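From first to last, the protein sequence lines are chains V and H. Numbering-wise, the numbering used here comes out as the position in the first sequence, counting from 1, plus 92. Numbering-wise, the numbering used here comes out as the position in the second sequence, counting from 1, plus 92.
Hints were generated in silico from the structure; no laboratory data involved. It is possible that some hints are incorrect.
Taking CB as the label site, the calculated pair distances span [stated by the list, open to error]:
no.: 1; chain 1: V; residue 1: G114; chain 2: H; residue 2: T454; range: 42 to 48 Å
no.: 2; chain 1: V; residue 1: G419; chain 2: H; residue 2: K434; range: 52 to 58 Å
no.: 3; chain 1: H; residue 1: N425; chain 2: V; residue 2: G194; range: 25 to 31 Å
no.: 4; chain 1: V; residue 1: K173; chain 2: H; residue 2: G419; range: 41 to 47 Å
no.: 5; chain 1: H; residue 1: A293; chain 2: V; residue 2: D283; range: 56 to 62 Å
no.: 6; chain 1: H; residue 1: K405; chain 2: V; residue 2: E409; range: 25 to 31 Å
no.: 7; chain 1: V; residue 1: D433; chain 2: H; residue 2: A293; range: 43 to 49 Å
no.: 8; chain 1: V; residue 1: E112; chain 2: H; residue 2: N425; range: 26 to 32 Å
30 Å max Cα-Cα, derived DSS-like pairs, lysine-lysine [said to hold, decoys possible]:
no.: 9; chain 1: H; residue 1: K424; chain 2: H; residue 2: K358
no.: 10; chain 1: H; residue 1: K99; chain 2: V; residue 2: K405
no.: 11; chain 1: H; residue 1: K250; chain 2: H; residue 2: K173
no.: 12; chain 1: V; residue 1: K358; chain 2: H; residue 2: K405
no.: 13; chain 1: V; residue 1: K434; chain 2: V; residue 2: K355
no.: 14; chain 1: H; residue 1: K434; chain 2: V; residue 2: K173
no.: 15; chain 1: V; residue 1: K358; chain 2: V; residue 2: K296
no.: 16; chain 1: H; residue 1: K405; chain 2: V; residue 2: K405
no.: 17; chain 1: V; residue 1: K405; chain 2: H; residue 2: K173
no.: 18; chain 1: V; residue 1: K173; chain 2: H; residue 2: K405
no.: 19; chain 1: V; residue 1: K212; chain 2: H; residue 2: K424
no.: 20; chain 1: V; residue 1: K173; chain 2: H; residue 2: K424
no.: 21; chain 1: H; residue 1: K250; chain 2: H; residue 2: K358
no.: 22; chain 1: V; residue 1: K424; chain 2: H; residue 2: K212
no.: 23; chain 1: V; residue 1: K434; chain 2: H; residue 2: K173
no.: 24; chain 1: V; residue 1: K424; chain 2: H; residue 2: K405
no.: 25; chain 1: H; residue 1: K173; chain 2: H; residue 2: K99
no.: 26; chain 1: V; residue 1: K296; chain 2: V; residue 2: K99
no.: 27; chain 1: H; residue 1: K212; chain 2: H; residue 2: K250
no.: 28; chain 1: V; residue 1: K296; chain 2: V; residue 2: K250
no.: 29; chain 1: V; residue 1: K173; chain 2: V; residue 2: K250
no.: 30; chain 1: H; residue 1: K434; chain 2: H; residue 2: K424
no.: 31; chain 1: H; residue 1: K173; chain 2: H; residue 2: K296
no.: 32; chain 1: V; residue 1: K424; chain 2: V; residue 2: K434
no.: 33; chain 1: V; residue 1: K434; chain 2: H; residue 2: K212
no.: 34; chain 1: V; residue 1: K173; chain 2: V; residue 2: K152
no.: 35; chain 1: H; residue 1: K405; chain 2: V; residue 2: K212
no.: 36; chain 1: V; residue 1: K99; chain 2: V; residue 2: K173
no.: 37; chain 1: H; residue 1: K296; chain 2: H; residue 2: K212
no.: 38; chain 1: V; residue 1: K405; chain 2: H; residue 2: K424
no.: 39; chain 1: V; residue 1: K358; chain 2: V; residue 2: K405
no.: 40; chain 1: H; residue 1: K152; chain 2: H; residue 2: K250
Please read these numbers as outputs of a predicted model, since none were measured by experiment. Backbone N, C-alpha and C define an ideal beta-carbon position, used for all residues, glycine too.
There are 2 protein chains.
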Amino acid sequence: MSVTAAKGFTAAGIAAGIKENGNPDLALVVNNGPRRAAAGVFTSNRVKAAPVLWSEQVLKSGQLAAVVLNSGGANACTGPKGFQDTHATAEKAAEVLGVGAGEVAVCSTGLIGVLLPMDKLLPGVETAAGQLSEHGGEKAAIAIKTTDTVHKTSVVTKDGWTVGGMAKGAGMLAPGLATMLVVLTTDADLDSATLDQALRAATKVTFDRVDSDGCMSTNDTVLLLASGACGVTPGYADFAEAVRQVCDDLGQQLIRDAEGASKDIKVEVINAATEDDAVEVGRSIARNNLLKCAVHGEDPNWGRVLSAIGTTKAAFEPDRLNVAINGVWVCKNGGVGEDRDKVDMRYREVHIVADLSAGDATATIWTNDLTADYVHENSAYSS
Amino acid sequence: MSVTAAKGFTAAGIAAGIKENGNPDLALVVNNGPRRAAAGVFTSNRVKAAPVLWSEQVLKSGQLAAVVLNSGGANACTGPKGFQDTHATAEKAAEVLGVGAGEVAVCSTGLIGVLLPMDKLLPGVETAAGQLSEHGGEKAAIAIKTTDTVHKTSVVTKDGWTVGGMAKGAGMLAPGLATMLVVLTTDADLDSATLDQALRAATKVTFDRVDSDGCMSTNDTVLLLASGACGVTPGYADFAEAVRQVCDDLGQQLIRDAEGASKDIKVEVINAATEDDAVEVGRSIARNNLLKCAVHGEDPNWGRVLSAIGTTKAAFEPDRLNVAINGVWVCKNGGVGEDRDKVDMRYREVHIVADLSAGDATATIWTNDLTADYVHENSAYSS
Chain V
93 MSVTAAKGFT AAGIAAGIKE NGNPDLALVV NNGPRRAAAG VFTSNRVKAA PVLWSEQVLK
153 SGQLAAVVLN SGGANACTGP KGFQDTHATA EKAAEVLGVG AGEVAVCSTG LIGVLLPMDK
213 LLPGVETAAG QLSEHGGEKA AIAIKTTDTV HKTSVVTKDG WTVGGMAKGA GMLAPGLATM
273 LVVLTTDADL DSATLDQALR AATKVTFDRV DSDGCMSTND TVLLLASGAC GVTPGYADFA
333 EAVRQVCDDL GQQLIRDAEG ASKDIKVEVI NAATEDDAVE VGRSIARNNL LKCAVHGEDP
393 NWGRVLSAIG TTKAAFEPDR LNVAINGVWV CKNGGVGEDR DKVDMRYREV HIVADLSAGD
453 ATATIWTNDL TADYVHENSA YSS
Chain H
93 MSVTAAKGFT AAGIAAGIKE NGNPDLALVV NNGPRRAAAG VFTSNRVKAA PVLWSEQVLK
153 SGQLAAVVLN SGGANACTGP KGFQDTHATA EKAAEVLGVG AGEVAVCSTG LIGVLLPMDK
213 LLPGVETAAG QLSEHGGEKA AIAIKTTDTV HKTSVVTKDG WTVGGMAKGA GMLAPGLATM
273 LVVLTTDADL DSATLDQALR AATKVTFDRV DSDGCMSTND TVLLLASGAC GVTPGYADFA
333 EAVRQVCDDL GQQLIRDAEG ASKDIKVEVI NAATEDDAVE VGRSIARNNL LKCAVHGEDP
393 NWGRVLSAIG TTKAAFEPDR LNVAINGVWV CKNGGVGEDR DKVDMRYREV HIVADLSAGD
453 ATATIWTNDL TADYVHENSA YSS
C-alpha cells in the first residue's frame with residue numbers, strides 16, 4: 093500500500109534508464125490535496141547531496157505538491173551542475189503536474205560523485221506522471237531500491253485516517269539519519285508544524301537509532317506529506333504514535349535487509365543516568381567491529397561489550413556493569429557472570445542488554461553483525 | 093635486539109603453559125640499573141584490566157625494576173580476584189628478583205573475562221627469572237604475541253646511547269592507545285619526568301594515530317624504562333626524537349600485521365584549520381567501514397572519503413574539499429576531479445590525502461582495509 097494507502101495521493105514507479113541494468117529507477121509521489129502540508133528531516137552529514145540542499149530549501153514553505161525520487165545515482169559531490177540537475181528535475185515535474193517547482197522535493201540515491209543522465213531522467217519524469225495511480229505506491233517503493241533485496245512499505249490505519257510510507261536503504265545505515273530515503277503520507281488534516289513535530293519525534297527514536305555500519309550518508313531524507321483528504325484531524329498524541337509506528341516498522345525492515353548481514357542485533361541499554369548516555373553507549377556497542385564479528389561467529393563475547401562501553405563518557409562504574417546476551421547474564425558486576433555456554437545464538441535475532449546501574453534511562457539501538465558478505469558487497473559496489 | 097639492545101637490561105621469554113597450544117606466553121624484562129627510572133602511558137578505555145590498574149599505580153613512583161608480561165589472557169573484567177592475581181604476579185617477580193613488588197609492572201593480553209591460570213603463571217615467573225639474559229629481548233618479544241604473525245622489535249642507536257623496544261598487537265588497534273603492549277628501554281641517564289614527557293609526545297603522534305579497526309582495548313600499555321647504564325644524558329630533543337622513531341617503527345609494524353588486512357592505508361589530512369581538526373577528520377576516514385571495504389576492492393571511492401569528512405565538526409567548506417588517492421586528485425572542489433581510472437591500487441600501500449583547504453595543520457592516521465579475513469579471524473577468536 094505504501095505511499096498511496098492514504099487518500100489524496102497518487103504515485104508511480106518506472107524504469108527511466110538511469111540504472112544500466114534496466115531496473116526501475118524513478119518514482120513520483122503526488123499529493124492531490126486538498127491540503128499540501130509537508131515536513132522533512134535530512135542527513136546531518138555536512139557534505140550534502142544536491143537534492144538534499146534543494147529539498148531542505150523547498151520544505152521551508154511547509155508545502156509539497158510532489159516528490160521525485162531516483163535510484164541509480166546520488167547526485168552528491170557533483171558541484172553546481174549537480175544542483176542545476178536537481179533544479180531541472182523539479183522544474184520538469186512542476187511543468188507536467190501543473191504545480192510550482194518550489195513545491196517539488198527531489199531525492200536521489202546511488203553512487204556519489206557521478207552526474208545523473210538527465211537525458212533519461214527528464215523524459216522519465218514525464219513518463220512517470222503519465223502512470224500516476226492511486227495504486228502506484230508499490231511500484232514507487234520498488235523504483236527507489238539500490239542494493240535493497242526487498243522493497244519496504246508500511247501502513248497504519250486509525251479512526252478514519254491513515255499513515256503510510258515507503259523506504260529504501262540497505263547499506264550506510266547510521267544515525268543522523270540512517271542512510272535512507274523515506275516518504276510518508278497521511279490523509280489526516282494537519283498543518284506542517286504538527287507534521288514537523290511528529291516527524292522529528294518519530295525519527296529521533298527510530299531511524300536515528302538504526303545503525304547498521306556507522307556510516308552516514310550524504311542523501312538521507314525523510315519526508316511526511318499530508319493531504320487532508322480524509323477530513324479528520326487526529327489528536328497529536330495519536331498521530332505522533334502512528335508516525336512512530338510506521339517509522340519503527342520501516343526502520344526494522346531496513347535492519348533486516350542490511351547489506352550482507354546474518355544477524356539483527358538489538359542493543360538495549362538500561363539503567364543509564366540519562367537517555368543521552370544510553371544512546372551513546374548503545375551506539376558505541378553497535379559500532380564495535382570486533383563485537384559485530386563475534387556475534388557473526390555466534391560467540392557471546394561480552395568482553396567486547398564492556399570494552400565498547402569503556403570508550404564512552406557515560407556515567408558508570410566498571411564494577412557495576414552487567415551484560416546479558418539472549419537472556420543470559422554473562423557479565424555481572426563487571427566480571428564473569430552466568431556460564432556463556434548457556435547462550436543460544438543460532439537464530440537471526442540477537443538481544444544484548446547492557447545494564448549501566450547508573451539511573452533509570454533506557455535506549456535501544458538496532459544494528460547488524462559484520463560479515464564477509466558485507467565486505468564483499470561493499471568492495472565491489474562501484475566497480 | 094628488542095628490549096635488551098640498551099645496556100643494563102636483561103630479558104627472557106618462555107612457555108609457561110598459559111596458552112593451551114604450548115606457545116611462549118610469558119616475558120620478563122629487568123632493569124639492572126644503575127638507574128631505574130620509568131614512565132608509562134595506558135589505555136584511555138574506562139574499563140581497564142587489572143594489570144593496567146596495577147601498573148598505573150606502580151608507575152606513580154617513577155621507578156620500575158622489572159616488567160612481567162603474559163599473553164594468553166587479558167585479566168580484564170575479572171573482578172577483585174583478577175587484581176589479586178596481578179598483585180601476586182608482581183610479588184612473585186619481586187621475590188625472585190630481590191626487588192619490591194611496587195617496582196614491578198604487569199602487562200597481560202588475550203581474551204577478556206577469563207582468570208589467568210596462576211598455577212602456571214607463578215612458576216613461569218620463576219623459570220623466566222632463571223633464563224634472564226642480555227640477549228633475551230627477542231624471546232621476550234616472541235612471548236607476548238597473541239594473533240600477531242610476527243614479533244615486533246625496533247632499535248635506534250645514537251651517540252653512545254640506545255632506545256630499543258618490543259610491541260605486540262594485531263587486532264583492536266585504535267587510539268587511546270592502539271591496542272598493544274609495548275616495552276621500550278634505554279640506557280640513557282634520564283629521570284622519570286623526562287621519560288614521561290618524551291613518551292607522551294611520541295605516543296601522541298605514533299601509536300595514538302594507528303587505528304586499525306576503531307576498537308580500543310582494556311589493556312593497552314606502553315612503558316619506557318631507563319637504566320642509565322651508558323652514562324650519557326642526551327639532550328631532550330635528540331632523545332625524544334629517538335623515542336618517536338622507535339614508536340613510529342613499532343606502530344608501522346603493528347599496522348602491517350593487522351588482523352586480516354590486505355592493505356595499509358595512510359590517511360594524510362592537510363590544510364586543516366588545527367591539528368585537532370586534522371586528527372578528527374583522519375580518524376573519521378580511517379574508521380569508515382564502507383571506505384575500508386572499497387580500498388579492499390581497489391576501488392578509489394572518494395565519495396566515501398567526503399562522506400566521512402562530512403560527519404566531523406572540523407572547519408571546512410564542502411565545495412573546497414580535495415581528495416587524492418595514490419597521487420591522483422580524484423576529487424577537486426568537492427566534486428569530480430581527475431579520472432579515477434588513473435588510480436593504481438594494486439599494491440599494499442594506499443595513500444589517501446584529504447585537503448580541507450581550511451588552514452595549514454596536518455596529521456597522518458594509519459589504518460587498514462576491512463576484509464573477509466578480518467571478519468573470519470574475529471568471529472572465531474574466543475571459540
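Original post:
Hey, K434 of chain V versus K355 of chain V, does the alpha-carbon distance stay inside 30 Å?
Top reply: holds (19 Å)
Original post:
Is the Cα-Cα distance between K296 of chain V and K99 of chain V 30 Å or less?
Top reply: Judged against 30 Å, a Cα distance of about 27 Å means the pair holds.
Subject >> Pair hint K358 of chain V and K296 of chain V, alpha-carbon separation not exceeding 30 Å >> reply: Given that 30 Å is the threshold and the Cα spacing comes to 17 Å, the pair holds.
Original post:
Does the Cβ distance between D433 of chain V and A293 of chain H fall inside 43 to 49 Å?
Top reply: With Cβ atoms ~47 Å apart, the hint holds.
**OP:** Below or equal to 30 Å on CA atoms is what counts here, so check K405 of chain V against K173 of chain H.
**Re:** Roughly 27 Å between the alpha carbons, so the hint for K405 of chain V and K173 of chain H holds.
Subject >> 30 Å limit on alpha-carbon distance, applied to hinted pair K405 of chain H and K212 of chain V >> reply: violated (38 Å)
Subject >> Proposed proximity, K173 of chain H with K434 of chain V (alpha carbon, max 30 Å) >> reply: holds (23 Å)
**OP:** Mind checking the alpha carbons of K173 of chain H and K99 of chain H for me, to see if they're no more than 30 Å apart?
**Re:** violated (37 Å)
Subject >> Restraint status (C-alpha distance of K358 of chain V to K405 of chain H at most 30 Å) >> reply: holds (29 Å)
Original post:
Within 30 Å, alpha carbon to alpha carbon, are K296 of chain H and K212 of chain H?
Top reply: violated (36 Å)
Subject >> Holds or violated: K405 of chain H to K405 of chain V, with C-alpha atoms at most 30 Å apart >> reply: holds (18 Å)
**OP:** Measure nothing beyond the straight line between the CA atoms of K173 of chain V and K152 of chain V; if it is 30 Å or shorter, mark the hint as holding.
**Re:** holds (23 Å)
In this structure, the hints that do not hold are numbers 4, 10, 11, 24, 25, 27, 29, 31, 35, 36, 37, 38, in rising order.
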